[in-house]
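S.K.: Given next are the chains, with one letter for each unit.
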Amino acid sequence: MPRDLPLNEIPSLLTVTTPLAVNAAAAIWIDNILVYSTGIAFTVNAEFRQEFEPGTVNLGTYAQPHPAPSLQLTASYSDGRKATNTTDFRAEPADPNEPFLLSPNSTSGPHSASATYYLTPFPAPGALRLALTCPILDIDETTLTFDEVDLQQAHHNITPLWQENS
Amino acid sequence: MNRPGDSPPPADRRINFAFTRDVASNPAASSGAIPLPPARTFRRYPPERMRPGQQIPVTIAQSATLFAGDDMAIWINGFTVYDTGLAFRIEGRIRNSTPSTQDSATLLGPLNVGRMTRPHSNESIQLTLTFQDGTTVSSVGSNQLVPDDPTAPWLDGGGASSSRLASHADYFLTPLPPAGPLLIEIAYPHFGIPATRTTIDLSELSSASDNIIRLWHNNTQKR
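Each protein sequence line maps, in turn, to chains D and U.
Counting from 1, position 155 in the first sequence corresponds to residue 155 in my numbering; the numbering is continuous, with no gaps.
Counting from 1, position 36 in the second sequence corresponds to residue 36 in my numbering; the numbering is continuous, with no gaps.
Looking at chain D on its own, in the form it has when it is part of the complex:
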């Protein structure tokens, strides 16, 4: 699939030092941020108190047979283009320049949940903003901004492996 992770390169790791949101009952953060030539993969993580019992927290985008997605995620490119995780799974835009957020995997437990995302294409020059809201965990919209310099440096550090034959 043209929007899948490229398999012929070693991505570059980008780290952020602050959690996205922490309240009295829950916390959300993003890690495992991997920059590929064609986009950015990352993991959204949540922990919540045992007593909180919010029910199944679905941070991914699969709706069936899982409960409705609990997370609203919007990626905003510096040129105004946006992608959200509310697009139907695999409903890829025909235009390869139109941003798309794919969530390949998600897990959920009694006190934690996580989901991987892949945003394509690689952002235009400028900062990339990720806005996240998780009502089920009482987390209002919070934004993580990736600096252009960090993105470009990470993009520069990708290790190409080989040309794919197919």
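Derived from the structure by calculation, the hints contain no laboratory data.
Computed from a predicted model, the values in this text were never measured in an experiment.
There's no promise every hint is true.
Far from chain D, by Cβ distances over 10 Å, these chain U residues were calculated [unchecked claim]:
hint, residue
1, ILE56
2, THR59
3, ASP71
4, ASN77
5, ASP83
6, LEU129
7, GLU185
8, PRO194
9, ILE200
10, SER206
11, ILE213
So the derived label-pair ranges between C-beta atoms look like this [what the hints assert, rightly or not]:
hint, chain 1, residue 1, chain 2, residue 2, range
12, D, ARG129, U, ALA152, 18 to 26 Å
13, D, HIS156, U, LEU183, 22 to 30 Å
14, D, GLU92, U, THR136, 28 to 36 Å
15, D, THR18, U, ASP149, 20 to 28 Å
16, U, THR65, D, GLN152, 20 to 28 Å
Heads up, the beta-carbon is just placed ideally off N, CA and C, and yes, glycines get one too.
Guided by the hints, dock chain U onto chain D, whose structure is given.
M.R.: Just chain U now, with coordinates in the frame of chain D:
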């Protein structure tokens, strides 16, 4: 004289055999004579060896290309520090050779970068870590059992996944190793990968450990 056909043939005589233990002279006692199997000594996976929950870990941005060849690559991208251990993911890729040549890695695949050798037929990667103090821990050999000593290093291979061209496996090393250089040695004879050593710098480990955000005091673990 009975002639054949004058009377029905004698019924087939059946002898049923059963092998039993000696029946005790006291039938009451013998009713319970079948011994119970010896109690199996399952040991619950020790919680301290599992990735802890209720905390926000810290990522150390150290990456290591463990092997890179013409048609295979294996690497680690980042180390995640929890208060009880160090998590990392090994990634593996095989070049998509079309058509597959006799010696291409595609024919040997998929890569198994985890530690479970079944149901994989390709064995698994052999991973050995050596800490700054000389202590080693390995994914192979006699180290398959969780040690009784909670301070002894243990490398848990949790989730793993492999497809024809892409594989990954999540490891969790407990307890936290000492800060400093970490020597990573891999070998994978099935794929012709000899013992290959890579050293990464984990000098940030102490400060990373200090920066873990402990959320709530609950003993929850996840694998």
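S.K.: Each hint should be assessed against the structure and marked as holding or not.
M.R.: Evaluation of the provided hints:
1. ILE56: 5 Å, violated
2. THR59: 5 Å, violated
3. ASP71: 7 Å, violated
4. ASN77: Violated: least Cβ distance 5 Å, not greater than 10 Å.
5. ASP83: 14 Å, holds
6. LEU129: Given a closest Cβ separation of 19 Å, the condition holds.
7. GLU185: Holds, because the least Cβ-Cβ distance between GLU185(U) and chain D comes to about 19 Å, which exceeds 10 Å.
8. PRO194: 19 Å, holds
9. ILE200: Non-interface label stands for ILE200(U): nearest chain D Cβ at 12 Å, farther than 10 Å.
10. SER206: Label holds. Min Cβ-Cβ 16 Å, cutoff 10 Å.
11. ILE213: 7 Å, violated
12. ARG129(D) <-> ALA152(U): 18 to 26 Å: 46 Å, violated
13. HIS156(D) <-> LEU183(U): 22 to 30 Å: With a Cβ separation near 28 Å, HIS156(D) and LEU183(U) satisfy 22 to 30 Å, so the hint holds.
14. GLU92(D) <-> THR136(U): 28 to 36 Å: 47 Å, violated
15. THR18(D) <-> ASP149(U): 20 to 28 Å: Since the Cβ atoms of THR18(D) and ASP149(U) sit about 37 Å apart, the hinted range of 20 to 28 Å is violated.
16. THR65(U) <-> GLN152(D): 20 to 28 Å: Given range 20 to 28 Å: holds, Cβ gap about 21 Å.
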